[in-house]
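*Asks:* Produce the entire structure from the sequences given, and follow the hints as far as they go.
Protein chains in written order, with full-length UniProt numbering: chain A, 1 to 479; chain B, 1 to 479; chain C, 1 to 479; chain D, 1 to 479.
A few of these clues could be false.
[Said to hold, decoys possible] Restricting the straight-line Cα-Cα distance to at most 20 Å, the calculated cross-link-like pairs of lysine to aspartate or glutamate (EDC-like) are:
hint, chain 1, residue 1, chain 2, residue 2
1, A, Lys42, C, Glu477
2, C, Lys458, A, Glu327
3, C, Lys212, C, Glu168
Read the hints as simulated data drawn from the structure, not as lab findings.
Computed from a predicted model, the values in this text were never measured in an experiment.
Below are the chains, spelled out letter by letter.
Protein chains: 4
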Amino acid sequence: MPAISGSEYIDRMNRLQTNIWVDGQRVAGKISEHPAFKGVIKTQASLYDLQHDASLKEKMTYPSPLTGKPVGMSYLQPKTKEDLVKRRAMTQEWARKNNGMMGRSPDYMNTVLMAIASSADILKGKENCFPEHLVSFYEYARENDISMTHTFVNPQVNRAQFYFEETEEPIAAKVIEKNEKGIVIKGARLLATQGGITDEIVVISAGGAQDKANGFAFSIPSNSKGLKFIARESFVRGDSSFNYPLSSRYEEMDAIVVFDNVLVPWDRVFFYDNIEVSNRFLFSTGFLPFALHQAVSRQIVKTEFILGVVQSIIESINISEYQHVQEKASEVIIALETMKALVIKSEAEAELDQWGFMRPDQTTLQVASNVFPKVYARFGEIIQQLGASGLMSIPTEQSFQSPIRKDLDQYLQSKSDDAETRVKLFRLAWELSMSAFGTREIQYERYFFGDPIQLASKLYRSYDKDPFVKRVASLLETP
Amino acid sequence: MPAISGSEYIDRMNRLQTNIWVDGQRVAGKISEHPAFKGVIKTQASLYDLQHDASLKEKMTYPSPLTGKPVGMSYLQPKTKEDLVKRRAMTQEWARKNNGMMGRSPDYMNTVLMAIASSADILKGKENCFPEHLVSFYEYARENDISMTHTFVNPQVNRAQFYFEETEEPIAAKVIEKNEKGIVIKGARLLATQGGITDEIVVISAGGAQDKANGFAFSIPSNSKGLKFIARESFVRGDSSFNYPLSSRYEEMDAIVVFDNVLVPWDRVFFYDNIEVSNRFLFSTGFLPFALHQAVSRQIVKTEFILGVVQSIIESINISEYQHVQEKASEVIIALETMKALVIKSEAEAELDQWGFMRPDQTTLQVASNVFPKVYARFGEIIQQLGASGLMSIPTEQSFQSPIRKDLDQYLQSKSDDAETRVKLFRLAWELSMSAFGTREIQYERYFFGDPIQLASKLYRSYDKDPFVKRVASLLETP
Amino acid sequence: MPAISGSEYIDRMNRLQTNIWVDGQRVAGKISEHPAFKGVIKTQASLYDLQHDASLKEKMTYPSPLTGKPVGMSYLQPKTKEDLVKRRAMTQEWARKNNGMMGRSPDYMNTVLMAIASSADILKGKENCFPEHLVSFYEYARENDISMTHTFVNPQVNRAQFYFEETEEPIAAKVIEKNEKGIVIKGARLLATQGGITDEIVVISAGGAQDKANGFAFSIPSNSKGLKFIARESFVRGDSSFNYPLSSRYEEMDAIVVFDNVLVPWDRVFFYDNIEVSNRFLFSTGFLPFALHQAVSRQIVKTEFILGVVQSIIESINISEYQHVQEKASEVIIALETMKALVIKSEAEAELDQWGFMRPDQTTLQVASNVFPKVYARFGEIIQQLGASGLMSIPTEQSFQSPIRKDLDQYLQSKSDDAETRVKLFRLAWELSMSAFGTREIQYERYFFGDPIQLASKLYRSYDKDPFVKRVASLLETP
Amino acid sequence: MPAISGSEYIDRMNRLQTNIWVDGQRVAGKISEHPAFKGVIKTQASLYDLQHDASLKEKMTYPSPLTGKPVGMSYLQPKTKEDLVKRRAMTQEWARKNNGMMGRSPDYMNTVLMAIASSADILKGKENCFPEHLVSFYEYARENDISMTHTFVNPQVNRAQFYFEETEEPIAAKVIEKNEKGIVIKGARLLATQGGITDEIVVISAGGAQDKANGFAFSIPSNSKGLKFIARESFVRGDSSFNYPLSSRYEEMDAIVVFDNVLVPWDRVFFYDNIEVSNRFLFSTGFLPFALHQAVSRQIVKTEFILGVVQSIIESINISEYQHVQEKASEVIIALETMKALVIKSEAEAELDQWGFMRPDQTTLQVASNVFPKVYARFGEIIQQLGASGLMSIPTEQSFQSPIRKDLDQYLQSKSDDAETRVKLFRLAWELSMSAFGTREIQYERYFFGDPIQLASKLYRSYDKDPFVKRVASLLETP
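*Replies:* What follows is the structure, given as structure tokens:
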């Protein structure tokens, strides 16, 4: 089944019966009706539906190289710069549908899988590596429009520089056995966003393993035996899109993933038991340039949304004349145009990799990934500063349906809006910058590609500074 | 009844039957059992109880000048620098009980009332001014340990620099009638924190009125006829102090106050219908130095609490070796010591006002009120940056009481804490910096004494820069 | 004479005998040998010489549309995006020669003149406007490779928002007479960089005039009668390129321009006595996009140079392992890549204007002009922080030629450099960030396109925010 | 000879004939007439003269405990909080005389010597330690009003974390021999401010030595045999106090100190050859609290001066109405009041040390030493931003004495000043924020007490965070 529709996605999720725990209860019944998941599942379904919108078919899909049937554009292995532009257009179409709030819209993982599968040759001929499993899983996912999540991170037990896990029972997930059927995993990994509402979970070592048992890459169905998702507290506070315009639609949820002797069948193992590969694989592939290209494209749309909110507040309470207001709004504009410029540069400077795929310029996108965490956190502050006391006492939808409505209508009107419109706008601004949902988005963007301090160090180390050092030396040598 | 106990406070609140609306419902029954209010009422009661703690009696009360019975120390009209130190000690005792989270603990309004009553003479002999009403209300409040809220702010309809309200029906509360019983108020005012859970509401013009009908000062019982409190959405998400260690205890609530033809009896009118007085009164009194002295004293305790959380995170996940971690923690230390130094300076440089009361140095405290909004917002960011991914997927109390507890115990332990302790700590850190309660605290501190940009302008304008200009001129004139 | 060589430039300057005052003395004799000017004149000459470097001819010149002879590429009226890339390549070639330190290398004014001449039609048919003079001056300049400076700014007497000059004698330059020969100018204008070492001075109102006599545009030879340049203190401290590697080469000098009844002949008057034109002309032309495109291209090269210095310091004293060092260097990298991305975007989004010329996207370049002043000031701080105490006691060239050389050799060596090399590097770092020359560069970049606060306001006002406001409205309206 | 006068200081300096090198030349003749030194020597002399000003005698001196004659107040060993206030008053009196620009006015080193001598007992009974030499040198200095400089820093060869000097010839100064007369030192130390214009140079290990030969403390006359001062380039550009109001008076100069087999006689050796003592001594004494108390007191006066300059610019060009101007000036006010508050707190919380001397609170002063480097660098930026283009083309004194004076008078007048006054003010602003002298002051304050990043780490590590961690634990344990 190529490029699926929303209802197919929903059906699959309900059939999975994944083992998910929310607030001490195992989710039972249809997950698409569970309060914590129904909003995001509905929004995700609406993304898939765009694939079947006749006017968008060209944008959202391309003919499968195997079958000629339309498959999701995010699976496209780009061979030209135009392909990169197509990929960006697709991502931004989906992003506009969720205002960039869903960091794990399906194109993210599709892109990740495409990126690593396109570099599968790296694994060729190496011990305990199965590049053909990776390629065939990519094809399977593409042809069946499989939804995925992933988890790269080990539990945060001790963040000292030199730390070795010494507990008897594993904490970080590791291979504890291999047998004729596959490898057996025990332990946990953190932070699977959308964990439990995707067909599969992809698990890949991101490097840094000191024990080879902690290094592996595979994908398994979310309902695999022994696999458990422990969700954090849900930030959905109700169905009202008046009260919670964002979380009622876009709350993706994060989960801890527990592997309780989970069997990964051999045909789903991409590699294991090879410390060198596990520590180098991910960043040797096209993972970083392609995943960053998707993320930055989405973040641009998110920034546009922020600018829309900022300007709506300015107009609502009529504060555009203030210089400091103009300066704050211009910060958002500068960030938006900077991100747009960086993605354009990454495409303009894209180059073919050794396998003939067109990679956007990684350095340029690394710069974007250093910029966005800072500006996105700042956006929250800007919205708080513009909304000011107006963000402190916003009533709810129910208040507008009660006898006090006439008070609200009179006392909460603003320069350009009636009370209800203005309250809806301020609830949105509040949810974006001050709710548990909104601050989680800030934290999410801040750590999207890792610790910002590490990101800066990596950029520094990988950047070619030599030509400029030489230019200085040449000046100093010239009398 | 002098210095009351917690149970007296609770009884009074339940008897009032104030007209409060939460989420479209009027509060009915005992307010001390209402989910939105029970936590904060209980905490507030515990503050009052400290007045009856034998070991603290000297600290928390002083003998009434009228009756000799113990009355709340926050009512003390200070005549010496030692009196200021006593006032600070009292405020910090109460603040430690709520970790500085309750900006409207009773000492705040008690201090405000003391401050303006101590300057009541300003009103003497002025048209439509009743200094004797103010003084006798102060004495009434002191002798009966009356709890109060207040509201200084008009609705935020239009924040342009030149704006005159032109609607037929009043929006900002105004006097629409006077009769033999008193004055009649119609319209709204914003942002009464603890609105509805205090005996009285004090309403004072903060200046800036263009229509004399908008200028007045009075106090009325919270259950006055026609008076309505429209609460914002409650940020209490449950009773569990494991899940919500702060909001379950300290959520003070903010409300819009609607005056629907509310009669203010003459003996409660402090002034009205005098534009000059209404625009100058508040800032001519000891309001600013005394209210700032209370607030800064509380904010010091709050900063200590932040430092405690910051250091607890550092120890829990063992990150004290990192330079950037040390730098972030040192930011909190620097802020803490700066605030402490400013309050000490304000006391050391206190001076007797014209009525013989000892005012702490206002300029010094204005500096503190410029500093704190910035650093407190920064604290939230620091906690987010130290907690990092650990703040992204924290389970709830219920999870620990379910079959998955053993997973949590294994996978969420940290270097120095077992899983439950660590999760409790991270929930606290999350609630402090990322929950709707926590961000509301940031916004509250940011606007506590007004728009930060205005605060800086005021400080600049009021500061005596002349001696330094002269020093420069003298240097330039010296050959 | 098309594209000139360095010696032709020098000859012209020496022949002009412009009326320039330095430190209370009128410059006499050959200006190319005057201590304050010889370095920059020599460097400027070396730029012109590149036009005659066979390997660069294609890059630096193009065939004159009038004569087919090679004229300077900075005069090119671009008709395609490729033309923009050519213009950028030329600017960056020159910039590398001066490490981006010369904000007024000839391409800047050539570009400005090209830009306004290409929009000369705006003046057509308007009162007191002479578009044909502008076009023919452009052609004259192009065909003769005329060097120019300009001045846009009135004296800074009073910067209050509402200020009208009321002195009897003009302060800001104005037309005080017109006669059959031309218009007569009296008064001053500020800040002609390179004032006195160019063939011509172009004077154009930048808007904001309240008196039509202050509004005009013209160009006259630098040695016009009554024209006087009052230079600021020279920041050249000596000829030694060891001691002063930058100022000995790149000190462009700034001057106040005094018009003492200067006659501007009619054929050099572009417009006068038309308040509307004078307040709108400049920003209606291609001035901003083209001048910004040149400036940003140069600033990129300057940023590369900064990165070279930063990395050279890091290597010299071996501090690359420190995280905060990596972070500071990465700030420079991020700025560099951002500026490069913005110029690429401005070209990718260039559009033909109404006269068929290809304008780079103005908004994108405005963003760059908001970014650079901030980052360039920050660069100075970064260099100071990395150089640290090493910048506090750097000896001079003469010390190395004295008996104490052996002490210096022993005690000032660094990890990777001998003492002399290291001292030269640190002198460069010092001159770049801490000398009068270096701080003037910071101030120059900070105000290059006007007051940074105004730049942010302009960007905000001109940016099209509507699509994003509508997106927000649409979300709020969707149930 | 107790508390000396200015002329006595000058005579001594001229008699010393210290071996100082400036720009490759050894200073010959009277140093008080050397262009690089005459300004600062004259200013320093004027400080000493204040000791003989009858109206200031009480403030500037106290009776010697040995002779009863007046000795400099900076030698006072404080036993009460009032003594600390006296010490501060003395420092600020001197600081006002040099506008806080002289970081090494004599009270600094007098204070350092007093502080370490007051803790000399630490050395008692330890190997190779001579506490009695230290005490008697303190008394000698006090009774003879000896001027001193010092040097704590080793050459900056390699700043990697793990670095051991491996050269054959010493780089960092070390003991290479001991004999019956004393110890012999070879090598260099950095950054003796006022090096060469003081009677003595004090050399003390500041910790961090890995080789015991690098650890010692002593004082020797500046003209000791084999001792050489290599000055950096002088930042005095001329005698004109119109052109250079600061450097012509306050340029203290920094020097590298070379020890070419310098003999330190035994009675001047405080300790040597004891790695533990050398690494702990300085920070075990009262050095930090007392030196910080002096420095912070001076920095307060310097900040007042900055505020004077800032406000003078604001008035001169009439920009006080702008909000961003008010905000920038308020930054200076906030810094000033913060520094004042911290010094008051340090005195209020002073405690007697084990030898009965009253130490100001060290932690509070460490906070100040973390604050000032940041704000002082920011002040430079603020002055640049307020002065704006007015700082770009300022003429010199000579211009006002030339035929172009009438042009300057007309075109450089400002709202409130005539041209000459305004130019003098802007030259001062320029020298303070943009000259080599001004930026050296920024760098000097930035590193006054060490690398700012290390300062933050030290503050973090030494601060007692436990009470606050316990408060958090107690909240978490309370149900």
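*Asks:* Hey, Lys42 of chain A versus Glu477 of chain C, does the alpha-carbon distance stay inside 20 Å?
*Replies:* The given pair, whose Cα atoms are some 18 Å apart, holds under the 20 Å limit.
*Asks:* So if I understand the rule, the pair passes when the alpha-carbon distance is 20 Å or less; does Lys212 of chain C with Glu168 of chain C pass?
*Replies:* holds, 16 Å
*Asks:* Sort out whether Glu327 of chain A lies within 20 Å of Lys458 of chain C, counting only the CA atoms.
*Replies:* It holds: about 9 Å lies between the C-alpha atoms, which stays within 20 Å.
In the structure shown, no violation is registered for any of the earlier numbered hints.
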